[in-house]
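**Student:** Listed below, chain by chain, are the residues.
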Amino acid sequence: MSCFVKRYSGNPILTKDDVPYPVATVHNAAVVKYNGKYIMIFRSHCLNGRSILGIAESDDGFKFKVADEPFMSSGDEYEEYGVEDPRISCIDGEYLITYSAYSRYGVRIGLAKTLDFKSIERVAFITQPDLRNVTLFPEKFGDYYVRLDRPHTELTKWSMWVSYSKDLIHWGQSRVVMKPLVYHWDEMKIGPGAPPIKTSRGWLNIYHGVFDTMAGAVYRMGVALHDLDDPAKILGVGDSWILEPEDQWERVGYVPNVVFSCAAIPEDDGTLKLYWGAADTVMCVGTAVIEELVDHCFNDSREPL
Amino acid sequence: MRRYCCNPIITPADVIPSREDFEVIGVFNAGAVEIEGRTLLLLRVAERPIGEGVVAPVFNSDTGLVELMQFSQDADVSDPRIIKDGGQYYITSISHLRRAWSSDGVVFSVEDVPALYPSNKYEEYGIEDPRITYIDEKYYVNYTGVSRYGAGTMLAISDNMLSFGKKGIIFAPDNRDVAIFPEKINGRYYALHRPSPGMLSKPSIWLASSENMLDWGHHECIMMPRSGFWDGEKVGGGAPPIRTADGWLIIYHGVDSEDSYSLGAALLDHDDPSKVIGRSSKPILLPCEPYEVSGFYGKVTFTDGAILRVDGRLDIYYGAADETICLAQADINEILSIL
Chain A
751 MSCFVKRYSG NPILTKDDVP YPVATVHNAA VVKYNGKYIM IFRSHCLNGR SILGIAESDD
811 GFKFKVADEP FMSSGDEYEE YGVEDPRISC IDGEYLITYS AYSRYGVRIG LAKTLDFKSI
871 ERVAFITQPD LRNVTLFPEK FGDYYVRLDR PHTELTKWSM WVSYSKDLIH WGQSRVVMKP
931 LVYHWDEMKI GPGAPPIKTS RGWLNIYHGV FDTMAGAVYR MGVALHDLDD PAKILGVGDS
991 WILEPEDQWE RVGYVPNVVF SCAAIPEDDG TLKLYWGAAD TVMCVGTAVI EELVDHCFND
1051 SREPL
Chain B
37 MRRYCCNPII TPADVIPSRE DFEVIGVFNA GAVEIEGRTL LLLRVAERPI GEGVVAPVFN
97 SDTGLVELMQ FSQDADVSDP RIIKDGGQYY ITSISHLRRA WSSDGVVFSV EDVPALYPSN
157 KYEEYGIEDP RITYIDEKYY VNYTGVSRYG AGTMLAISDN MLSFGKKGII FAPDNRDVAI
217 FPEKINGRYY ALHRPSPGML SKPSIWLASS ENMLDWGHHE CIMMPRSGFW DGEKVGGGAP
277 PIRTADGWLI IYHGVDSEDS YSLGAALLDH DDPSKVIGRS SKPILLPCEP YEVSGFYGKV
337 TFTDGAILRV DGRLDIYYGA ADETICLAQA DINEILSIL
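Here the protein sequences line up with chains A and B, keeping their order. So for the first sequence, this note's numbering puts the first residue at 751; every next one is plus one. So for the second sequence, this note's numbering puts the first residue at 37; every next one is plus one.
Hints may be right or wrong, so weigh each one.
Claimed, not checked - List time: in silico SDA-like cross-link candidates among lysine to any residue, alpha-carbon distance up to 20 Å:
#1 863(A) - 826(A)
#2 202(B) - 923(A)
#3 907(A) - 100(B)
#4 863(A) - 844(A)
Source of the hints: derived by calculation from the structure; they are not laboratory data.
Next comes chain A alone, as it looks inside the complex (with noise of 0.2 Å):
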């Protein structure tokens, strides 16, 4: 089992049995502390194969409960084939969600913000198609809020960007950060994974990275840090995964072998809460020491690009 990740003992912690309207997963979830509870926005697939996100509470950060309606569904013509994995990061107060928006235009980010988890205001797209997978950094740099985010290229492996803003709503700067390595674990995509979280040596990155095999695509987690003052910065990327997919249903469900977190949240006794979701089918959680994720990044590291 992972070295740096403890499952908790009652993984998986939410299930479709769990949601009180048909669903058929639950999965890809946004956590976020509010009010001294854990807010859980997840993505499930309806019955008819498209998805919304769903809202679930929980005092512990291990049990949760399904609030009663969906949080989010599909808004106008960018959004018709749903929306998909949140992440949430809090900015001034507020709470930013970035999903993925599917449509017969392609797959873009959307921007949504609220202040309470029960109205939501849609801000912009704020990407162009395709891309996905866009995580916002907690704090601004200056006057620039920043994310990671993975365009699509037809001509090579997809990797890790930065973009910057202003206003959240228009996007430029962007740069590369970090590639997929050759016959590496991560060598098929990489894509950002949980909001950074800041520690005292850098902003600690969990991604996701891909593998092709005979048997279909394998998606585990790793390690990065980026510079405290400058995020297209990055300090080290630790070689090895920190998470694959072991347990049953990990392996076993709506995509197998997919280990797929969207929010990591840090606790006062060093250690983070990790969520993720597995096989596109169930919600699990584990815990880490934040150190030794960020001695990880250090030690074997491998060359970001």
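We have chain A; now place chain B onto it with these hints.
**Tutor:** Showing chain B alone in chain A's frame:
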């Protein structure tokens, strides 16, 4: 459109290579602008090393030099433009941008040295397909930067088209065929762009806007391919939009199911260019002349620049078969009449 009698007007033989060990294999897809009565084309010049073997010229941003990468005979070269090796793409030529001047719009004098050359890691496989837009006494030149990281759109700004300040990426990979509107609309800059939508969609024309020309947002899809038509598989912006009394005239390229690149026209609303108010059901130019049908990449007519002359004649400069520059002309009112 009427083709100019003596097409092509610029061929690789008219261009001196940037290095003695390179040959020019294509001069095509040029940006166009009128400066003090003269026509300036900013040419895409594609070069490759002279000699045998499977070789890709690649700019090394650490050394500042173009180096020659050698490949084994196992590399996939089924597309003449591309080498595929170990899951990575390379390009068989490297492009730079070169000025050519003319006093009559037909006979051009090509400068001896590049005007813009690859200079950073996003341009290591070359810089391609420039468009020139003049706004408030500045020239905005957008072009495709191709690299191991994909094909994105870069911006350079110039006061005089003689020296340029490169501003980096404005549309991240993959995104090409960007055409910037020549005026602000309601206080904002606008551009057509062409992202890469993968499985869910076909390459389409999108619109974005900006307050500073560097940071772009409000992306929306305005024109998709029309199945069964001449533009059924891909569409992309061509020359920068032209203001007319009826709206913004855009000359765009469309690709059909036979991979043939034709030019068509569309009209966008003056105040809200996301509104398409006309679109040509047939192409205004399609590859049929020998220099359009065969060449480095055949069946291609592709424009990056068109100039509206004072008498209402529209001169469309277009790349033919990814090899030469040609000219086609029409009265702009004739084009508008079909929209």
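**Student:** Determine for every hint whether it applies to the structure shown.
**Tutor:** A quick look at each hint next to the structure:
no., hint, result
1, 863(A) - 826(A), "16 Å, holds"
2, 202(B) - 923(A), "12 Å, holds"
3, 907(A) - 100(B), "25 Å, violated"
4, 863(A) - 844(A), "7 Å, holds"
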